[in-house]
Amino acid sequence: MDGLLVDTEMLKYEAYKYVFAKFNIKFSKEDYLKYWVKLGIGLETYLTKKHININSKIITSEKEKYFIKLINNSKLMPFDGVIELFKNLKKNNIKIVLATSSSYKETIVILNKINLLNYFDFIATKNDVKNKKPDTEIYQYILLKMNESAYNCISIEDSQKGTEPSLKLNIKTIAIPNKYTLNHNFDNVDLILDSIKKINLDLLNTLIKKGLK
Amino acid sequence: MKILIAGSCNDCVETYIQFCNDIATELSKKNEIILGSDRKTTADFFVFEQLIKQKLKSKVTIFYHEMKDKPYSSFNNFYNIDVTYKKIKGNWNVARVPQISYSDIIIIIGGSSKTRKIIQLAESLGKKVIPIPTSGGVADEYWNEFKNQNKEYETDLENLENWNMAKSTKSIQNLCKKHTNKSKYKNINFISVILIGLISIISFYFWNNLLLQGKSQLELIIMPLLASLIGVNLYAIFNIIETKSLDIIEALLLRPIAAFSLAFIVVILYLVGGLSINGNLDIFTKLAESGNFQRIGLSLSLFGVFSGLMIEQSIKFIKNKISKFIDNE
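Note that the protein sequences, when read in sequence, are chains A and B.
Counted from 1, the first sequence has number 154 at position 117 by my numbering; the numbering is strictly sequential.
Counted from 1, the second sequence has number 50 at position 42 by my numbering; the numbering is strictly sequential.
Calculated from the structure, these hints are not laboratory results.
It should be emphasised that the depicted structure is a prediction, and the values quoted were computed from it without experimental measurement.
The C-beta atom is built at its ideal place from N, Cα and C for all residues, glycine as well.
Misleading hints may appear alongside valid ones.
[Said to hold, decoys possible] Computed Cβ-Cβ distance ranges for the label pairs, DEER-style:
1. B/Thr23 to A/Asn155: 34 to 44 Å
2. B/Phe212 to A/Thr97: 52 to 62 Å
3. B/Met75 to A/Asn155: 16 to 26 Å
4. A/Asn222 to B/Lys159: 51 to 61 Å
5. B/Lys94 to A/Thr97: 30 to 40 Å
6. A/Asn90 to B/Glu160: 35 to 45 Å
7. B/Glu153 to A/Asn220: 39 to 49 Å
8. B/Leu203 to A/Glu121: 39 to 49 Å
9. B/Phe86 to A/Ile62: 55 to 65 Å
10. A/Asn129 to B/Val201: 51 to 61 Å
11. A/Asn129 to B/Thr92: 29 to 39 Å
12. B/Lys37 to A/Asn237: 49 to 59 Å
13. B/Glu153 to A/Glu67: 28 to 38 Å
[Stated by the list, open to error] Straight-line Cα separation of at most 30 Å, DSS-like style, residue types lysine-lysine; simulated pairs:
14. B/Lys125 to A/Lys94
15. B/Lys10 to A/Lys150
16. B/Lys125 to A/Lys142
17. B/Lys63 to B/Lys94
18. B/Lys37 to B/Lys67
19. A/Lys132 to B/Lys76
Produce the complete structure using the sequences and hints provided.
In structure tokens:
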């Protein structure tokens with residue numbers, strides 16, 4: 038979601054920076070892009086690696102509150118082409134599912150803010166699974182609950198931590214890197230696009246057929 | 009106001025059922041109640057049961073998942089409840105969104121982990137949640153946080169902690185009103201109040217002039233339009249007194265336009281009615297007599313004031329009918 042449908046990465050970074058500053062810890066953008074966006078290892082591992090002794094739950098909860106405040110005060114808009122694609126998918130009865138490493142609360146606030154909430158048939162957040170991406174759990178959870186086979190699904194991701202689990206489960210994977218993820222490794226994905234605007238039904242059908250061969 | 013009642017109980021003790029019954033009885037008098045599940049361990053079930061028992065008519069909207077049976081269909085007679093069913097789909101994270109979005113306030117009685125998610129979702133969508141203390145589960149857990157956020161409503165909080173049907177339910181209604189006003193309305197702006205007062209005085213001045221000196225058809229049409237403005241402003245004043253708040257755009261723009269339109273339709277209907285009964289424009293010629301003008305002007309103005317006062321209810325009524333029609337379709 039963050040970085041694919043809408044750009045909230047910097048708001049999230051700002052929220053973490055704000056909370057860390059409360060504990061007199063300097064939090065750099067480079068660290069955020071490396072540990073959160075690229076590796077997806079998240080807060081707890083970051084705290085251990087940096088030998089910071091603060092309860093991660095406190096940081097997460099404070100960050101969530103401030104992040105929601107930032108979202109509500111921002112003029113957030115979905116990326117060009119997102120709404121058109123969603124409308125087109127809905128028109129053709131194609132299910133839209135969200136697999137995000139954000140919390141449920143943050144997800145709802147963001148989707149509500151950019152008016153995308155009503156398009157989704159299924160939403161899975163970090164609250165629904167134990168292990169976040171790049172673990173495959175969230176994708177497995179969705180396939181199980183939706184009673185769908187991986188061959189009938191296409192995943193669209195913007196980062197390496199997102200494409201890895203999807204590829205592991207043999208889901209056809211499209212990567213649309215954003216400005217923060219251009220240097221990620223997308224070698225094994227089925228398709229790399231520079232914009233979500235380039236996705237259309239023909240392209241999705243071709244990808245699914247390719248999987249059936 | 010649309011009030012969603014959520015929560016559940018493990019061993020549904022008498023006090024839990026009492027909370028549900030009291031809340032159902034009092035809150036259904038003036039509000040629309042939103043429910044979901046019909047499982048016998050949910051607050052929804054006990055609320056619905058109570059609504060059936062009472063003689064007063066109530067309005068209930070029930071959201072249910074398209075993959076499940078229509079809830080409460082085993083209850084044969086609920087002639088006293090005006091029920092609207094709405095279907096939802098998707099997993100929990102998605103399916104609960106329309107229900108919460110539809111509601112103004114969420115009241116939590118007891119509850120488990122799912123109820124915690126309802127609170128999260130409600131907060132994400134900017135809806136206010138009122139937990140009932142000592143009802144157990146999530147409501148109890150959330151109570152302290154709620155108390156800290158609402159310190160200014162000390163008496164209402166105390167009334168909830170020491171449950172007494174009349175006092176406590178009155179306090180819930182107070183909190184509901186305060187919460188919706190907080191989110192929906194901006195604080196009263198002094199200039200807006202002055203504006204409303206000025207518009208009322210000017211409208212009355214011109215209306216009075218027309219009443220005393222008017223003669224023409226056009227003046228007869230303008231009178232109820234001015235009266236509708238007076239009605240709208242009276243509504244705004246009642247609203248300020250009752251809620252200490254005001255939605256400026258609604259009060260100064262939307263409601264006057266709606267009331268104006270309604271009053272205009274009433275006048276046209278009246279005139280067309282007069283024309284069709286008399287078969288000619290006789291009604292207008294009689295306006296030359298000042299007594300006739302005043303009589304017709306006054307009665308049309310009454311319609312105007314009524315339009316202004318009742319415009320919100322009229323809009324709500326039409327909206328409800330349309331949404332019911334769409335749902336049934």
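Results for each hint:
Between B/Thr23 and A/Asn155 the beta carbon distance is about 39 Å. The supplied range of 34 to 44 Å therefore holds. At roughly 59 Å, the beta carbons of B/Phe212 and A/Thr97 sit within the given window of 52 to 62 Å. As the Cβ distance of B/Met75 to A/Asn155 is approximately 18 Å, the hint placing it in 16 to 26 Å holds. Range check, A/Asn222 to B/Lys159: about 53 Å between beta-carbon atoms, so the 51 to 61 Å window is met.
The supplied range of 30 to 40 Å is met by B/Lys94 and A/Thr97, whose beta-carbon atoms lie about 35 Å from each other. Restraint check, A/Asn90 to B/Glu160: a C-beta distance of roughly 38 Å satisfies the suggested window 35 to 45 Å. A C-beta distance of roughly 43 Å is found between B/Glu153 and A/Asn220, which places it inside the suggested range of 39 to 49 Å. For B/Leu203 and A/Glu121, the Cβ-Cβ distance of about 43 Å falls inside the hinted range of 39 to 49 Å, so the restraint holds.
Between B/Phe86 and A/Ile62 the CB atoms are about 59 Å apart, so this pair conforms to the stated range of 55 to 65 Å. Remark: the range hint 51 to 61 Å for A/Asn129 to B/Val201 is upheld by a beta-carbon distance near 53 Å. Separation of A/Asn129 from B/Thr92 is about 30 Å and conforms to the stated range, judged on CB atoms against 29 to 39 Å. Roughly 54 Å separates the CB atoms of B/Lys37 and A/Asn237, a value that falls within the hinted 49 to 59 Å.
For the pair B/Glu153 and A/Glu67, the beta carbons lie near 36 Å from each other, so the given range of 28 to 38 Å is met. Restraint check for B/Lys125 and A/Lys94: satisfied, since their Cα atoms lie roughly 18 Å apart, inside the 30 Å limit. Among the hinted pairs, B/Lys10 with A/Lys150 is consistent with the structure: their alpha-carbon atoms are about 22 Å apart, no more than 30 Å. Taking the CA atoms of B/Lys125 and A/Lys142, the gap is near 9 Å; set against the 30 Å cutoff, the hint holds.
At roughly 25 Å between alpha-carbon atoms, B/Lys63 and B/Lys94 fall within 30 Å of each other, so this suggested pair holds. Using a Cα cut-off of 30 Å, the hinted pair B/Lys37 and B/Lys67 holds, with the two alpha carbons roughly 9 Å apart. Proposed proximity of A/Lys132 and B/Lys76 is supported: the alpha carbons are some 20 Å apart, at most 30 Å.
Of the numbered hints given earlier, the model fails none.
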